[in-house]
Each structure stands twice: as structure tokens, then as C-alpha cells.
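> The listed protein sequences correspond, in order, to chains A and B. For the record, in the first sequence the residue sitting at position 127 is 127 according to this note's numbering, with numbers rising by one throughout. For the record, in the second sequence the residue sitting at position 89 is 89 according to this note's numbering, with numbers rising by one throughout.
Among these hints, one or two may not hold up.
[To be verified] Result set (DSS-like, lysine-lysine): computed pairs, CA atoms no more than 27 Å apart in a straight line:
#, chain 1, residue 1, chain 2, residue 2
1, A, K28, A, K319
2, A, K113, B, K32
3, A, K332, A, K241
4, A, K337, A, K319
5, B, K32, B, K153
6, B, K158, A, K113
7, A, K337, A, K134
8, A, K241, A, K12
9, A, K134, B, K153
10, A, K134, A, K106
11, A, K134, B, K32
12, A, K319, A, K307
[As the list claims (entries may be wrong)] Label pairs and their calculated CB-CB ranges:
#, chain 1, residue 1, chain 2, residue 2, range
13, A, R268, B, R203, 50 to 58 Å
14, B, R203, A, P136, 43 to 51 Å
15, A, L159, B, P152, 39 to 47 Å
16, B, A224, A, R347, 56 to 64 Å
17, A, E265, B, Q18, 22 to 30 Å
18, B, D270, A, A261, 57 to 65 Å
19, A, S287, B, Q253, 51 to 59 Å
20, B, P80, A, S188, 48 to 56 Å
21, A, R347, B, R14, 34 to 42 Å
22, B, Q253, A, E59, 25 to 33 Å
23, B, R310, A, V330, 53 to 61 Å
24, B, T19, A, P259, 53 to 61 Å
Bear in mind the hints are in silico, worked out from the structure with no lab data behind them. Don't be surprised by glycine CBs; every beta carbon is placed ideally from N, CA and C.
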Amino acid sequence: MKYVDEFRDRSKAVALIGEIRRLLARSKLARQRPLQIMEVCGGHTHSIFRYGIEGMLPEEIELVHGPGCPVCVLPMGRVDDCVAVAERPEVIFTTFGDAMRVPGSKKNLLQAKAEGADVRMVYSPLDALALARKHPEREVVFFAIGFETTMPSTALTVLRAEVEGIRNFSVFCNHITIVPTIKAVLDSPDMHLDAFLGPGHVSMVVGAAPFRFVAEYYNKPLIISGLEPLDILQSIWMVLKQLDQGRCEVENQYARIVPPAGNAEALRAVARVYELREFFEWRGLGSIDHSGVRLRERYAGFDAERKFAVPNARIADPKSCQCGEVLKGVIKPWQCKVFGSACTPERPLGALMVSSEGACAAYYQYGGARRKPEAVP
Amino acid sequence: VSTEMPRRARALGRIVAQTVTLAHGGGGKAMKDLIDDVFVRAFDNPTLAPLEDQARLTLAGLAEYGDRLALTTDAYVVDPLFFPGGDIGKLAVCGTVNDLAVGGAVPLYLSCAVIAEEGLPVAVLRRVAQSIADVAREAGVVIATGDTKIVPKGACDKLFVTTSGIGVVRQGLDLGVHRAQPGDAVLVNGWLGDHGAAILAARGDLSLETPIASDCAALHRLIAALLEAAPQTRCLRDATRGGVATVLNEIAQASGVGIEIDDARMPMRDAVRGFCEILGLDPLYLGNEGKIIAVVPPDQCDAALAAMRRDPLGRDAAVVGRIDHGETGRVTLRTALGGRRIVDMLVGEQLPRIC
């Protein structure tokens, strides 16, 4: 497959790992303890597991699977709101596929669908808008979820709906923004990360500048990384190169996709349609200031939260969950008290067991190469 | 099996209605006309012709083929009814033939029950019946008995088909999912994931156009040739729902062995790989309707592969992995990159990832 297989080439991977080993051998730090590198994006996590990258890396490198899976971090209260909207008889509730399995406090969207709610899987918010055009007698709600990657497409769909005067379309907005979350991780006292792989597709929209604080204020290198296996290996090599040379910068490994200034048109649409929420609740991380967006007053007519009364209840994460500690790299997924017992992909308790991009689900499904049997509780 | 055509006891009825209604399931003349015109006319064979409440099969005729009967049943609810590479009728015959054949049985007779939703165009029913008849004839199996039910609108989705099949297993042949041993080779007979991708694309809700057609096919001749060439074959499974990943897990668990497969050796079309890339699906879990997994001892691996490749349905057959002493019940994949990961059973349905 052209433009894909090139980034999965075995011999290039072997060469990169050789270079990584060479740099590690010169690192004083790596001799004392493993270097912790957090990959921020759920897409990275998925690739790392799908291609078995963790097991190919030297033991001196520990990958910490970050908070960048928007499906995983959706709190139960929000899913309950979703289900409440979806169960209204006039509503066609449209959603991306993997958001259907996220557990609410009582049920998820798959169960609501089985019980009769009109829940439909779409591939783009424009598909939802098309449904609204086709069914003027129904209320079509789009379950908007994701970081800056998917934010512009929702915004552009709202703008299109406004131009066309489509009134039976609205958005249940759960878009979140990655920067305050990286900051929250960095501010946590038990954090000892050495570097970051920055999100590739978020950066395609926002550019490199929003991540500069990581290097400048927190003194951690950050490499904006593509999602293919060789992208990830090259980014790890770039991290080590910075550490070796005593540099601490934001670098762009994914230059074939990420323009340094981001995508101006997408950013304009985002700024036009959304405003920051004061705070947003994250599963496993708690409430984070300015980490979510909602529709501006001008687009209130397209805001499902304002159009339909939602319960809007805050449901606390189950006490036994240690998602927060896993997210920050304090413990490994299998060291969590409920991993694989009370919390499995069939019945996820914690955020990270929900989607295949979540660290725990990935370990459960694909098996960590370094998951030693004696480490399992 | 006698090929002599007994004289029909009565003339076949004709249906004039354009769509199926509840009257066609009522047991009266309308039903008789529908069954006669659509099914009996298409299936046309001496075992079915007497139209008794049961088909009668001579034991002597069966015993020619071996010493054990194999019996299987499967319900087909595919949506859409017609898709590139096949339709629900073809699927219903091939699926049941394959379920018999992977047990080493020679497939001989099928039953065929249909449940139709009122309002279904008679032309659709006719097309499916013709497809069942054509595929059965080509496969050399006889539709020996059948049933037709019509249910109110909404009680089923357009058309469901259930086929049961009888086959005979020859003496001494004992294939079993528990029989895989370390050192054995794992083979497949060609491109993986075509059916799953074709159906997902044909449903149309993803607005993706692909040139992929279902691989739906009856594999009993290929399997017979394989068993001839590699008589010590341990087990065969058709990799339908859940794909090769699921079948391999079943074999690993039942046999108490580990299995290692190699991503680079998996025969997979670029179109299927691309389709999965876009939707975030793992092609190893996509269903197939014309693919088997064969586990054969190492000394018969070459013969088995050659036998498969001689059959048009096995031209792209490949050795994709080995049974090993690894962790019991575990399937491991060597990735194209050179890493390793576990291939587990699928949890729930495969849903596209969002980004």
C-alpha cells in the first residue's frame, strides 16, 4: 500500500533502533533509571501496540501512554446526558463508532440503541447534517467528540447548517483541548516524565507553537510525531538526540502533515464557533480548567445541551480506578488493582479500558511485551 | 443418489402477486402457489419432488461415502441481501456446505427454510431461490426439503434463510480443533477479509466505494483435494464471523498450544488493507465466506499448500504461521515492523475508531 508501507519498513525500524541504542549507551540518566517518554495521542498508543513497538525498544525506554484518547476520557455523567438525549423519541442520535461503547452510569449508547433509541453511526458530522436534511420532522443530534483534530469539522458543519437554515440539527459538544491537559499532567507532583511525543493530528490544526511551554517552562523536550511506527521510532530517536546534546525544544517530526503555524482556516472556524468552558470533567483526571469548549451564544440553536434539558449530573469515577496514576506514568496498567479483574474491555470500569486507544485496553488486547507474569496481581 | 425423475403428482402453481403478503404464509392456495412457483420450480430435484413433509434419504446411498453422518445448521441474516460477489442465497448454500466440509464430510443434502417479511417483492424471493438452486447444483448438493414463513412487516428484516446440511465422513478421518500440535503449520487458502469489507462497503452508510467483492464460495472440492494430499491434517475451520483471529484463538485454546502468525505472510488485498486503514478496523477480524484455516503436520505442509494452490479457490494459499510451545491458548502476531503482539478474541463488535 503506497504511502503507508514505507512507514512500516522493518529494515528502517531496525536501523532506527540501533541508533536509539547508540544514544542510550551515552546517556548517564538512562543508566540510573528508565527514561519515561509520554506519547500524548491515542493514535500513537494504538500504533505502539499494533506493531509491537514497545517490545522492540531497549529496556531503558519506558513509554507512558498519555491522555490523548477522547473516547476514554469522557466522564460517565456526559454519557448519561447523551443517552438521555438519544432516548427522546424525536431524536436521531448520530455518533462515531467507538463512542457507542463508552460506559455511562447506567448504560452506554449501544444498550440505549438495543432498547429502541434511534442511534446511528456516522463517519463525519456532514453525514449527520445530511440526515437532518432528509428527516425535517426529526431532531438530528451529532455527538461531537475529540480534540482539535475533529473540532474544525464539527465547527464547519455548524456553519453550514446556519447558512442552509437547517433548524433540526444540533451538536452535543464534548470537544476537548489537549494543552491544558498536558499542563495538568506536568503539574502533578508524582510526575517524572522526561519527554513527550506531541500529538500529530492535533498539531496539524493548531501548529507547534501551543506546545512551546512544555520545553520552555517545564524543560521537557517535545517532538510532534506522526502516527506510523517509523514516525514514532524516529521521534523517540529525536528525543534522545535532544537529551544527548543538552537541548530542550519543540521539534516537528511530522512535517509532511503538520505546518508550523497549523491550519489557519480550521483555526478561524474553531474560533468562530466555540468558546472555552470554565472547566471540563475528564475521566481519570478530574476537572481541568479551560480544557473543554462549547458553542458560542450565537450558535445556541445548534447546541443540544441548550436545546434539550439534560440531567447534567456529575458522576464520580469508581474509587477502585487508578486511571489517573496510569495516565501520569506512576503505575503501569497491569499494576492497577482492578486491571483484568473488575475492569475488562467487556465491562470497563475505567477510562483507559474503553477504547482500543486506551492504554489498559491496549495492554489487555495486545499484551504488553514487557508485561511479566509475576507483575500481574 | 438416484437421478431418475419420478412423475409429479400434481401441476405446479403460479404466483401472480408482485409482493409477498401474509396470505402467502397462510397455508392455503396462495402459499402453495408461492412455494411451487418460486422454490419447487427452482430447486427441481427428485428428492424434493414428492413434496412430503420430510425428505427420505436411503441409508445405503449415504453409506457409500463413509461411516458417520455430519449434521449442521446455520441461519443467514445478511444485510444487504445482494452484495458484490454474492447474495443471501449463495451464502446460505456455501456456508452450510463449508461447515460440513471442514469436518471432513462430503456434503450431500441441504434443507432450506426462509422467513420473509411481508411486502418483500416476489422478484427478490425468486432471485434468491434461483441463486440457492444454482449454487447447490454447482456444488453437487441436493435441496431435499424446505419451509417458507411470511411474517408481518417489522418482524424480520426483509429475508432470513436457514439451511441445514447432511454430509458423510469417510472412515478413519478425524479432524478436530483440539488436535493441533507444536510444529504444525497454519495455512489459509487465499485473500483474507474480502467478505467482511464487501458487506460493510455495500451497506452504504460509510459512503466508501471499494472494488472489493465477497469471497463467498463452496470449498468442499478444495478441502477434499487438501485431505487427499495431506491425510494427517489436524483440523480445518472456515474463518467466517470474527475472522482468522477468532478461529486461531479457538484452535489455540482447544488444543492447549500457542500459535504464532506472521503479518507479512497474510494474504490480504491492498483494497482490503486500505479499507481497514481508513475505518480503523483490524482485517484479521473481518469475516470470510470462502476461506479456511488448515493446521497440518510439518511433513505434509508442502503437499497441502500445493494441493490448495491447484484449486482455483486456493490459488493464493499461503503458510501464515506455526503452532508453537508458547503460552497456552495465546495467538501472537509477528508484525510487519518486526515486533510482536497478542491477537486476542474480539470484544463485542468491531467499531471504527474515530481518529
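> Could you tell me whether the CB distance from B/D270 to A/A261 stays inside 57 to 65 Å?
35 Å, violated
> Are the Cα positions of A/K134 and B/K32 separated by 27 Å at most?
41 Å, violated
> Given the hint that A/K319 pairs with A/K307, test it: the Cα-Cα distance must not exceed 27 Å.
Violated: A/K319 and A/K307 sit about 33 Å apart, past 27 Å.
> Does the hinted range 48 to 56 Å hold for B/P80 and A/S188 at CB?
For B/P80 and A/S188 the Cβ distance comes to about 51 Å; the hint holds.
> Take the C-beta atom of B/T19 and the C-beta atom of A/P259, compute their distance, and say whether it sits inside 53 to 61 Å.
57 Å, holds
> Could you say whether the range 22 to 30 Å given as a hint is met by the Cβ separation of A/E265 and B/Q18?
Violated: the Cβ-Cβ distance is about 53 Å, outside 22 to 30 Å.
> Measuring from beta carbon to beta carbon, are B/A224 and A/R347 in 56 to 64 Å?
Since the Cβ atoms of B/A224 and A/R347 sit about 45 Å apart, the hinted range of 56 to 64 Å is violated.
> Sort out whether B/K153 lies within 27 Å of A/K134, counting only the CA atoms.
Measuring from Cα to Cα gives roughly 23 Å; hence the hint holds.
> Has the given pair, A/K134 with A/K106, been kept, meaning a C-alpha gap of at most 27 Å?
With Cα atoms ~32 Å apart, A/K134 and A/K106 exceed 27 Å; violated.
> Keeping to a limit of 27 Å between CA atoms, is the pair of A/K28 and A/K319 held or broken?
This hinted pair is violated, its Cα atoms lying about 39 Å apart.
> Please work out if A/K337 and A/K134 have their alpha carbons no farther apart than 27 Å.
49 Å, violated
> Given the hinted pair B/K158 and A/K113, is their alpha-carbon gap at most 27 Å?
Distance ~20 Å between B/K158 and A/K113 Cα, so the pair holds.
Going down the numbered hints, you'll see the structure goes against 1, 2, 7, 10, 11, 12, 13, 14, 16, 17, 18, 19, 21, while the others check out.
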